[in-house]
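Here's the letter readout for the chains.
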Amino acid sequence: MTAVPEFLVTVPTRGDGRHPLRRDRGDWEERRALPAFVTDPRGGVSGPSAHIAQVGRAAEIAGLDGALVPFDPDGEESLVLAAGLLRGSRHLRVIAGFHAGIATPVYAAKLSASLQRFTGGRLDWQIDVALDPVVARAHGDFLQGGDRYARAEEFLTVAKGVWHEEGFTYEGVFYQVLAGGFQPPNAGLPFPRVHLGGIEPGALALSARHADVHLFDPGQNLDVGIAGLGDRAAAEGRAVACGLRLPVLAREDEEEAWRDARGLWALAGGADEDFPAPDPRTGLWPGFDRIAGPGALGLVGSYEGVAAGIRAYRDLGITTFVLSARPTVEEAYRLGERLLPLFATEFERETAHVH
Amino acid sequence: MSIDIYWRIGTHGDQPSLRRRVTSRGEWAPVVPGSLAPGVRHGRRDGYSYVEHMADVARASEVSGFVGGLLPSFPFTDDPWATAAALARETTTYRFMIAYQPGFLHPVQAARMSATLQRATGGRVVYNVISGGGGPAQLWWGDRVDHDDRYARTSEFLDVLKGVWNGGPFDYEGRFYRVEGAGLPEPLARQPFPEIYFSGSSKAAIEAAGRHADYYLSWLEPFPDLAAKFGQVREHSAALGTAPKFAVRVDVLARETEEAAWDEIRRGWEHVDPAALVSPDGDSVGWLRSQSFVSWPVRHHRELEVSPNVWGGFHLLRGGPAFGLVGSYAQVAERLDELIGLGVGAFILAGVPHLEEAYRVGEEVLPLLKGHDLRVASPFGAALSDSRA
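Chains as they are written, first to last, in the UniProt record's numbering: chain V, 1 to 355; chain P, 1 to 389.
Keep in mind that the hints were calculated from the coordinates and are not lab data.
Ideal placement from N, C-alpha and C gives every residue a C-beta, glycine not left out.
Please note that the accuracy of each hint is not assured.
For the chain V half of the interface with chain P, some residues (derived, Cβ under 10 Å), not all of them [to be verified]:
hint: 1; residue: G101
hint: 2; residue: V106
hint: 3; residue: F118
Listing some non-contacts, in silico: residues in chain P with all C-beta distances to chain V over 10 Å [what the hints assert, rightly or not]:
hint: 4; residue: D4
hint: 5; residue: Y359
hint: 6; residue: K370
Please model the complete structure; the sequences and the hints are all you need to start from.
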């Protein structure tokens, strides 16, 4: 049986823009000034949070299931953005990305309990464990290697412990709590769904014990990763859903999609003769490296073509798709109007079949 | 000199009055018929929670003239960062005074959250840095650093916070925190650094306040004691070459007449459980200090009026500190003016219920304030000020 997949949008944390390198929407860079004779009512009115709110509304209106605010050391802080997105929406699940060094697990849990109450339990967590060591040290975190997984394990154990048990006491290597635990109304709330990632054995082992969803990247060996995660989770008596972070560029037809890909490539500083071809085996386009961030691979094509690519991932066992596309507002509408309906009819058929 | 007047937001629910200690606003006490923003309607979740009511209080204090509000943080409250982020876009001028204890949150993360909130609100974040509050509550949080060390940690925390705010790369190696090549990204770093309200009554607190405080924040005490405390802080700060301003957290019960105000207290006093007259656990010097101004046992509520209009029994009628002002609108305004005369540059006022009392105090008491310059015996003072205006 195939679970109904979830589609989420990735929230831009360093501004957004029509062009891959422009970040003037959301006030990360100066907006281009209007000519002096044109009355400009924008001054100071539309700040960064106005843009982020716009992204959240677009995602919700477009029928996406949720939004991921990644931990971005060079961008806006994700819990604050997530809180604003949750407040401005009714149905959207919002995943806040952070790392275990930001706070004690009790504090992270307490802050999250407030957000769960404020929003009807729509907050999720994505915990980044294997941070780039330079980034980690800049955030006051000097743990390395396997210790990071051990600490994340304790972090999640303590956070879940105080969340679910009153009189919770814990004495670990990294954290100690004496008679902790939440009381009503912070007791009994749904714990944020935990998203983890990584392909190394330590990452899969941690996910097997604590993740609700494990987010893979298209460049990883998904066959091996999904199977390895499944085996480990089964050994723990659990099941972990598999997700994929996937940049997309979907248009009316192939020709238009590749024309736009070439346009973005050029705007991002790529030369015409260097324009990369998609991998003939996987269909993934490496040009997203310049547009969506280092190492990014994603799908370019017609709506039907991208949908077919997504179906192939579903066949591998992926049920959560964290899509990214810029500029985020317009692309969220596009995805909601053109891409997701291709799956809606399919689900109706599957649902009918099941019944 | 302008005086910043904040209005506290109850982040743990609220009572409909001081007459009975019943929390019917929010879901912090069992939800009963008539509870406001309980999140359940006709047995089904309705999507509302207490944050809706906190948004009402924020807007009420904004429209009635307060500069912003204090968002407290305790094990039994909603989280102030979560609350501020949720309310950021529902107000336009309201400043969020976020209470937090260093130690629970990493200073780099605190900087990132603050700067992102500054961007979201146009610079309306203010800090209330708390280092006290030990005892079982502290271990509940998962923190077991000793009293005096907590102030050392607070100092380091603020050093790191300020260090990364300026963009970096910032290196630091202290007893509690270590970072390497830290710094906020440029659009975050150019935000104004939040004003710091610093709380704590111990010697360690007063010393740390001298280094970091924009405002040294105290609970209300009998005025001569408060003046002496300010003197100590001034002395410590002068030795460091700094000069913090002073702020006081004051509960207010003000009515049209003095009689009506005390009658309100009397009605609450009738329900006070004598067993409630005990000090809570912890090593808060401020709390022990506040209890020392009263000689227990007390039989009549007016015995807790330690000086005119200064009443030390608020903790018996609602959670929180003991001292506040009780009296007519004019009396309360006079006492606040007296505090301004002692050097107080900012107030965090509070009243139960927070929503209605915000309107009342904003509309009836604040307009009567004369301020420091006009607090002269001459009856011509006010007239002169009027003619200048």
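Do the hints match the structure? See the list:
no. : hint : result
1   : G101 : holds, 6 Å
2   : V106 : holds, 4 Å
3   : F118 : holds, 4 Å
4   : D4   : holds, 22 Å
5   : Y359 : holds, 24 Å
6   : K370 : holds, 34 Å
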